[in-house]
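Trainee: Can you make the complete structure from the sequences, with help from the hints?
These protein sequences, in sequence, are chains A and B. If you read the first sequence in numbering that gives the first Met the number 0, its first letter stands for residue 0, the second for the next number, and so on. If you read the second sequence in numbering that gives the first Met the number 0, its first letter stands for residue 0, the second for the next number, and so on.
Hints are computed from structural coordinates only; laboratory data are not their basis. Careful: at least some of the hints might be erroneous.
Unchecked claim - BS3-like, lysine-lysine: derived pairs with alpha carbons at most 30 Å apart:
| # | chain 1 | residue 1 | chain 2 | residue 2 |
| --- | --- | --- | --- | --- |
| 1 | A | Lys51 | B | Lys41 |
| 2 | B | Lys304 | A | Lys51 |
| 3 | A | Lys53 | B | Lys304 |
| 4 | B | Lys41 | A | Lys112 |
| 5 | A | Lys208 | A | Lys51 |
| 6 | A | Lys181 | A | Lys74 |
| 7 | B | Lys211 | A | Lys17 |
| 8 | A | Lys51 | A | Lys17 |
| 9 | B | Lys211 | A | Lys112 |
| 10 | A | Lys17 | A | Lys211 |
| 11 | A | Lys181 | A | Lys167 |
| 12 | A | Lys17 | A | Lys53 |
| 13 | A | Lys167 | A | Lys211 |
| 14 | A | Lys211 | A | Lys112 |
| 15 | B | Lys209 | A | Lys53 |
| 16 | A | Lys51 | B | Lys209 |
| 17 | B | Lys304 | B | Lys209 |
| 18 | A | Lys17 | B | Lys41 |
| 19 | A | Lys74 | B | Lys209 |
| 20 | A | Lys17 | A | Lys167 |
| 21 | A | Lys53 | B | Lys211 |
| 22 | A | Lys53 | A | Lys208 |
| 23 | A | Lys51 | A | Lys74 |
| 24 | A | Lys112 | A | Lys53 |
| 25 | A | Lys208 | A | Lys181 |
| 26 | A | Lys51 | A | Lys167 |
To be verified - Pairwise CB distance ranges (calculated):
| # | chain 1 | residue 1 | chain 2 | residue 2 | range |
| --- | --- | --- | --- | --- | --- |
| 27 | B | Glu303 | A | Lys181 | 34 to 42 Å |
| 28 | A | Leu65 | B | Val390 | 49 to 57 Å |
| 29 | A | Asp2 | B | Ser214 | 44 to 52 Å |
| 30 | A | Glu237 | B | Tyr279 | 58 to 66 Å |
| 31 | A | Trp104 | B | Gly40 | 18 to 26 Å |
| 32 | B | Leu145 | A | Gly217 | 36 to 44 Å |
| 33 | B | Glu301 | A | Glu5 | 22 to 30 Å |
| 34 | B | Ile51 | A | Arg109 | 28 to 36 Å |
| 35 | A | Leu65 | B | Tyr187 | 47 to 55 Å |
| 36 | B | Glu301 | A | Asp2 | 24 to 32 Å |
Unchecked claim - With the C-beta cut set under 7 Å, the calculated list includes, among others, these residues of chain B facing chain A:
| # | residue |
| --- | --- |
| 37 | Leu105 |
| 38 | Ala206 |
| 39 | Ala208 |
| 40 | Asn286 |
The C-beta atom is built at its ideal place from N, Cα and C for all residues, glycine as well.
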Amino acid sequence: MLDVNELGFDYGTRQILKDIGFGVLPGEVVVVLGPNGVGKSTLLRCINSILKPKSGTVMVEGENLLALGRDEIAKRLGYVAQRTETSRITTFDAVLLGRKPRLGWNVNARDLKIVHEMIRRLGLEALALRNIDSISGGELQKVAIARALVQEPNLILLDEPTSNLDLKNQIEILDAIRQVAKEQNISVVLTMHDINLALRYADSFLIIKEGKIFARGGPEIITPEVIEEVYGLPVAVESFNGFRLVIPVGN
Amino acid sequence: MDLTKNAEMELAGKSESKLTGKLAEKYEEDAVSSAYNIYIGKKYNFLGISIIILIFLFLYSIAVGFADVSTIDVVRVLLYGIVARLVNFADVSTIDVSRLFLEANLESAYTIIWHIRLPRALAAIASGVGLSVAGVALQSILRNPLGSPYTLGISHAAAFGAAFSVIVLGTGTMRSTGADAIMINNPYVTTTVAFAFSMLATFILLAIAKYKGSSPEVMILSGVALSSLFTAGTMFLQYFADDTQLAAVVFWTFGDVGRAHWGDFFIILVVTVFATGYFYLNRWNYNAIDAGDETAKGLGVEVEKIRLYGMLIASLVTAFIVSFLGVIGFVGLVCPHISRRFVGDDQRFLLPASCLVGGMLLLGSDTAARMIMAPHELPVAILTAFMGAPVFLYLLVRGYKH
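Mentor: Structure follows, in structure tokens:
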């Protein structure tokens with residue numbers, strides 16, 4: 000589905016990403032982990048060409064994204080930025096905006112149908128005609144995700160979709176993302192800081208340290224040694240009711 | 000007016016019905032659809048009502064004045080003028096259309112309307128639309144509610160150009176008699192120089208955007224810097240000017256649609272139609288940029304390119320209008336915001352609504368400016384703020400509820 004090869008990015012002399020290579024399967028949910036400032040967001044932006052990588056290729060279903068125009072990329076990749084600006088438009092219209100890469104001269108019946116379905120799918124019906132400048136942060140995040148999904152992408156990238164959300168909203172949003180990914184066979188790459196939440200929803204992990212891939216694999220790669228090496232903090236990994244949990248232990 | 004409220008209540012009412020299972024699901028989707036259609040319909044209603052108001056305002060503005068003409072006669076004179084021109088185009092000289100519409104006692108009305116009031120009213124609408132549409136586009140691409148044709152310093156540059164032309168090139172003078180004591184004795188040179196300087200300001204902005212990237216901050220701050228630079232230049236020139244020149248510069252600076260002749264109107268019309276068409280084609284791009292630069296890029300928008308082109312076109316339309324008519328403040332800032340109160344921020348509706356509100360506000364202001372101190376006519380620029388600011392403040396206070 001997605002194949003990233005030897006991807007590199009720098010701001011002038013400051014190397015941010017170096018020799019990043021990994022693959023993602025259809026319907027796979029991949030969580031990118033790593034300390035602040037390690038280049039997780041930069042990686043997502045390089046994958047969808049918001050930042051132009053200095054080297055390497057990004058292939059989606061055998062096509063090199065770096066050779067495509069923005070609108071063509073938008074038909075294949077949905078992107079949920081860390082921040083969404085609000086304005087006086089309704090939830091419905093905000094989600095409808097996601098049809099932009101596929102719009103003809105005007106909105107047609109199919110566009111409206113897809114938007115209706117996604118609004119119901121994410122439980123936003125009651126808000127459909129509320130302006131997005133008067134809904135909560137969790138609801139706004141759902142709107143942003145719905146907007147990315149109605150692009151009908153093969154892959155969606157989410158930059159910290161659960162930061163600033165309460166516990167219930169975090170669970171709801173990750174549940175919804177995972178469910179849609181599995182149903183529609185959409186691959187998902189997301190960054191987050193909460194390792195325990197990641198353990199609960201990710202199929203696999205990509206751990207970045209100092210701009211390079213430190214580890215790539217299933218939940219089994221989350222070990223006390225790896226976490227301590229990457230975050231510089233001693234932890235224990237325990238099981239509780241079938242969930243694996245990473246718990247910081249004192250020095 | 001809160002357009003969403005009724006539609007929302009309707010939706011809530013329907014969702015509360017006690018239907019179950021598949022039927023309820025189907026029903027709910029229909030409820031969302033029909034509520035959404037009602038909501039969209041109200042926006043179309045606003046546009047339709049605005050068009051009707053604008054047409055009546057247009058006829059009224061042509062009818063009133065020193066020589067009153069009845070609205071019926073206005074329609075007859077307009078129809079006659081149009082038919083006469085069509086016939087001329089087709090070269091059917093044998094038909095005497097004058098008998099169809101025009102009686103002898105309407106001949107002076109015909110002259111007044113076709114030579115004075117009509118170009119003036121049309122210029123007011125076209126420039127109101129142009130300034131307003133430039134404002135709404137700039138507010139979106141600069142991501143700033145204070146965006147307007149004045150933010151970028153274009154009109155200050157045009158004013159400097161006019162001052163330069165009058166004072167240095169000597170294109171202004173004073174007549175001893177008549178109501179218009181002061182006049183620009185070579186209006187086309189003044190207009191051309193004003194336009195040249197507004198283009199200079201535009202190219203400086205574009206050069207900065209190319210060198211530094213067209214981020215909203217860079218653009219707004221560059222606009223502020225250019226405004227003060229050209230204002231300082233104008234003050235410098237005025238300091239060395241004599242009374243006559245000073246009066247001519249001040250006279251030019253008061254924007255007045257009464258200056259427009261047919262030729263000026265057609266130029267403004269072409270530029271305005273082009274700009275409006277361009278902005279409307281980009282309505283989804285501006286909606287996307289309103290959701291944030293990164294989100295817009297994720298939706299396939301070439302944000303930097305759209306921003307640069309939008310700025311260039313907004314500058315162009317402003318430069319043309321200001322060069323022909325002088326500085327007309329407030330329309331470009333206030334009309335988009337008035338429209339936002341009615342149709343929200345969705346550019347699909349905001350752009351056409353702003354055009355209509357812009358046309359109405361400038362035409363209404365100009366009509367008022369002609370009548371308040373009749374038979375003396377005030378420059379419309381003095382009135383736009385008087386008319387616009389209270390409406391604006393009222394909507395601002397009433398609009399922010401949450």
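Trainee: A separate judgement is required for each hint: does it hold in the structure or not?
Mentor: Here is what the structure says about each hint:
no., hint, verdict
1, A/Lys51 / B/Lys41, "43 Å, violated"
2, B/Lys304 / A/Lys51, "16 Å, holds"
3, A/Lys53 / B/Lys304, "21 Å, holds"
4, B/Lys41 / A/Lys112, "21 Å, holds"
5, A/Lys208 / A/Lys51, "21 Å, holds"
6, A/Lys181 / A/Lys74, "19 Å, holds"
7, B/Lys211 / A/Lys17, "27 Å, holds"
8, A/Lys51 / A/Lys17, "14 Å, holds"
9, B/Lys211 / A/Lys112, "43 Å, violated"
10, A/Lys17 / A/Lys211, "5 Å, holds"
11, A/Lys181 / A/Lys167, "21 Å, holds"
12, A/Lys17 / A/Lys53, "10 Å, holds"
13, A/Lys167 / A/Lys211, "33 Å, violated"
14, A/Lys211 / A/Lys112, "43 Å, violated"
15, B/Lys209 / A/Lys53, "21 Å, holds"
16, A/Lys51 / B/Lys209, "18 Å, holds"
17, B/Lys304 / B/Lys209, "10 Å, holds"
18, A/Lys17 / B/Lys41, "54 Å, violated"
19, A/Lys74 / B/Lys209, "29 Å, holds"
20, A/Lys17 / A/Lys167, "36 Å, violated"
21, A/Lys53 / B/Lys211, "21 Å, holds"
22, A/Lys53 / A/Lys208, "19 Å, holds"
23, A/Lys51 / A/Lys74, "18 Å, holds"
24, A/Lys112 / A/Lys53, "40 Å, violated"
25, A/Lys208 / A/Lys181, "29 Å, holds"
26, A/Lys51 / A/Lys167, "36 Å, violated"
27, B/Glu303 / A/Lys181: 34 to 42 Å, "37 Å, holds"
28, A/Leu65 / B/Val390: 49 to 57 Å, "51 Å, holds"
29, A/Asp2 / B/Ser214: 44 to 52 Å, "33 Å, violated"
30, A/Glu237 / B/Tyr279: 58 to 66 Å, "60 Å, holds"
31, A/Trp104 / B/Gly40: 18 to 26 Å, "20 Å, holds"
32, B/Leu145 / A/Gly217: 36 to 44 Å, "52 Å, violated"
33, B/Glu301 / A/Glu5: 22 to 30 Å, "26 Å, holds"
34, B/Ile51 / A/Arg109: 28 to 36 Å, "34 Å, holds"
35, A/Leu65 / B/Tyr187: 47 to 55 Å, "52 Å, holds"
36, B/Glu301 / A/Asp2: 24 to 32 Å, "25 Å, holds"
37, Leu105, "45 Å, violated"
38, Ala206, "23 Å, violated"
39, Ala208, "19 Å, violated"
40, Asn286, "6 Å, holds"
Hints 1, 9, 13, 14, 18, 20, 24, 26, 29, 32, 37, 38 and 39 from the earlier list are contradicted by this structure; the remaining hints agree with it.
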